[in-house]
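When you number the sequence shown by my numbering, it's gap-free, plus one each residue, and the end is 116.
If you are wondering where the hints come from, they were derived from the structure by calculation, not from laboratory data.
On a predicted model such as this, the values are computed, not experimentally measured, just so you know.
All residues carry an ideal CB built from backbone N, CA and C; glycine is no exception.
There may be inaccurate statements among the hints.
[As the list claims (entries may be wrong)] Estimated spans, in silico, between C-beta atoms of each pair:
no., residue 1, residue 2, range
1, Cys30, Trp109, 21 to 29 Å
2, Leu81, Arg17, 18 to 26 Å
3, Gly83, Glu108, 28 to 36 Å
4, Arg88, Arg3, 33 to 41 Å
5, Ala25, Lys69, 15 to 23 Å
6, Ala68, Ser4, 22 to 30 Å
7, Ala6, Lys69, 30 to 38 Å
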Amino acid sequence: MNRSGARAEALCAERMRRAGLRVIARNWRCRLGEIDLIADEAGTTVFAEVRLRSSRRFGGAAESITAAKRARLVAAARHYLAGRPECRCRFDVMLLDADGPGGIEAIEWIRDAFGA
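Construct the complete structure from the given sequences, taking the supplied hints into account.
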């Protein structure tokens, strides 16, 4: 991961903490994929995908989350939850568009962005 991607994830993790979520893991990996952030919000496991785009040439950050990407996230989340007692979960997306070199304009946090 490059420095701007790591910075974007750190900013999103901090935003989640400020909103009262407890960040459990960052960059959790398994053979099925990677989950950028895993957090707990009042007993709900939150799987968050962080997307940073430095240019809108190929669409913004939201357009980069394809059906294939969602499928990999869901598969990795199922793997993470395997063997755990029944729990609630949701998939959030945190979108960042860079405002020039090194600058991040704003974070758009879409809670419960898609279902599994």
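Cross-check of the supplied hints:
1. Cys30 <-> Trp109: 21 to 29 Å: Check passed, 25 Å falls within 21 to 29 Å.
2. Leu81 <-> Arg17: 18 to 26 Å: Since Leu81 and Arg17 have Cβ atoms about 22 Å apart, the given range 18 to 26 Å holds.
3. Gly83 <-> Glu108: 28 to 36 Å: holds (34 Å)
4. Arg88 <-> Arg3: 33 to 41 Å: holds (34 Å)
5. Ala25 <-> Lys69: 15 to 23 Å: Holds - the Cβ-Cβ distance for Ala25 and Lys69, about 19 Å, lies within 15 to 23 Å.
6. Ala68 <-> Ser4: 22 to 30 Å: holds (23 Å)
7. Ala6 <-> Lys69: 30 to 38 Å: violated (19 Å)
When each numbered hint is compared with the structure, a violation occurs for hint 7 only.
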